[in-house]
Amino acid sequence: MTENSKGPSRRVALKTLAGGAAAAATMPLWARYTHAQSAEPIRIGFQVHRTGIGAAYGRWYDRTTQAAVRLINEAGGINGRPVEIVAEDDGTDPKRGAEVVEKFATQHNCDIAFGTLFSHVVTGSAPRAGELKLPYFVVSEGHHVASGILNRYTLQPGITDVKSQVMSMAPFVTENLGKKVTLIFPDYAFGHDHRDFFSQAVEAQGGEVVAKLAIPPTETSFTKYFPKIPRDTEVIYHVMVGPAVLTFVKEMGEFFGGQGPQLFGFIDSLEAVAIDSPGLEFLEGTHFWEGMPRHAQPDQTEYDKFYREQVGVDDRGASISDPTDVSTYGHMFGCWETLYVVKNGMEAAGYQGPQDRAALIEAVEAMTTMPHSNEHPQGPKVFNGKTHQVFGQQHISRVENGNLVKVHTTSIEDTFYPDEVDYTAQPL
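Counting in this note's numbering, the sequence shown runs from 480 upward without gaps.
Hint data in this document are derived by calculation from the structure and do not stem from the laboratory.
Check before you lean on any hint, since a few could be wrong.
To be verified - Derived lysine to any residue pairs resembling SDA-like cross-links, with alpha carbons at most 25 Å apart: (1) K612 <-> V900; (2) K784 <-> D541; (3) K865 <-> T847; (4) K582 <-> R538; (5) K784 <-> Y819; (6) K612 <-> E581; (7) K703 <-> D675; (8) K582 <-> P520; (9) K582 <-> Y819; (10) K612 <-> E563; (11) K691 <-> P706; (12) K659 <-> V689; (13) K658 <-> S890; (14) K784 <-> N880; (15) K865 <-> E854; (16) K784 <-> S890; (17) K659 <-> E730; (18) K885 <-> Q872; (19) K574 <-> P696; (20) K659 <-> V886; (21) K885 <-> G791; (22) K885 <-> F761; (23) K582 <-> L611; (24) K659 <-> A683; (25) K574 <-> E698; (26) K707 <-> H671; (27) K659 <-> T702; (28) K659 <-> Y704; (29) K729 <-> T697; (30) K703 <-> L692.
What you are looking at is a predicted structure, and each value in this text was computed from that prediction instead of being measured.
Please work from the sequences and hints to get the whole structure.
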């Protein structure tokens, strides 16, 4: 419906209500969006892991998404139109993921799809998004986008990928913890990225990967894997995901009895788990990669503080309303940042509807630097339009008295690698 069809009474009301932020805050919702060419909301299909091994992430991806959309709508939406989230559970399953993408395009009339985390779901869903020419903004960490195996309609502009992360982490590990490394990782695409790229990065630093232990993502007990760790291992590099992560970390501590190799973990192994949980005392002095430090640091930025307040997270990364409900803080910022990329891309493209999807893709591809701000609270970033992948700083934290204390931050340049694809050369 156009503004002209709404009648003069609405235009009169708009003039009466106009006059600064205070007045805007009291406007009825219809009045905030009447300057748009269409009163229809922009529909974002949110592919969320409500069930399956990604459920803990899905819960917090949802909260972060809702907080960002609330702020975007309070500020007038996108191109003067409200944003509506259309959520569908994909069960953290690749087949269901493709079906959800299909529903977004053919049943829900969504403008884009957004939010997917687990890499096997991304790789199972992206081909269908490409066929449907539905822009697919994933919030994963796999190297699948930048590797070139997907398509021009799939982008990852709000969170960095495993290859860039481990390349920047490896020098710290080999210089400070040890050069003989055993890898423990989940046996699917995300874990395989860690296996492949961290192995390469360690070897580039003069280190050696002495064992690679792949764990089925549905495993519930891990004790049988630990005897396979070679005796000459100096560092255990662990990255586990899913509902059994607390069991994994506890069993690892029981097996080594507080002794043994140095531990370097990706925070995935403890996302949604309190670092000071009973049985995790052995983690004292060990190190974790964090995309965004879960515990507020002494040098906390105003952007991190704002983001925590809006999402409802306290200084230890737990829900303000329930301190036992620990967030997936190292990852969920990607939803927030991706939504702002979508907003800025749609505004640059003058997006009005599905006929402008190609223009949206091109507008995002034209983005480069993303300054540290409330829109990008994790830190400054550089987007590579050819590979559809964003690059940013990474953090290493040490466990000290039950706290995650940041001890190292990489530069963005530490995370760069040569392009493996140019999506802009593909037709839209």
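Sort out whether H671 lies within 25 Å of K707, counting only the CA atoms. 19 Å, holds
Against the 25 Å threshold, does the CA-CA distance of K574 and P696 hold or violate the hint? Holds, at about 17 Å.
Within 25 Å, alpha carbon to alpha carbon, are K691 and P706? 13 Å, holds
Tell me if the straight-line CA distance from K659 to E730 falls inside 25 Å. Distance of about 22 Å is within 25 Å: holds.
Would you mind confirming whether the straight-line C-alpha gap from K659 to V689 stays at or under 25 Å? 6 Å, holds
Pair hint K582 and Y819, alpha-carbon separation not exceeding 25 Å: 24 Å, holds
Next pair to validate is K784 with Y819; report whether the Cα-Cα distance is within 25 Å. 18 Å, holds
Is K659 within 25 Å of Y704, Cα to Cα? This hinted pair holds, its Cα atoms lying about 18 Å apart.
Within a Cα-Cα threshold of 25 Å, do K659 and T702 meet the stated pairing? 21 Å, holds
If you draw a straight line from the CA of K659 to the CA of A683, is it 25 Å or shorter? 13 Å, holds
Given the hint that K612 pairs with E581, test it: the Cα-Cα distance must not exceed 25 Å. 11 Å, holds
For the pair supplied as a hint, K865 and E854, is the alpha-carbon distance within the 25 Å limit? 23 Å, holds
The structure shown violates none of the earlier numbered hints.
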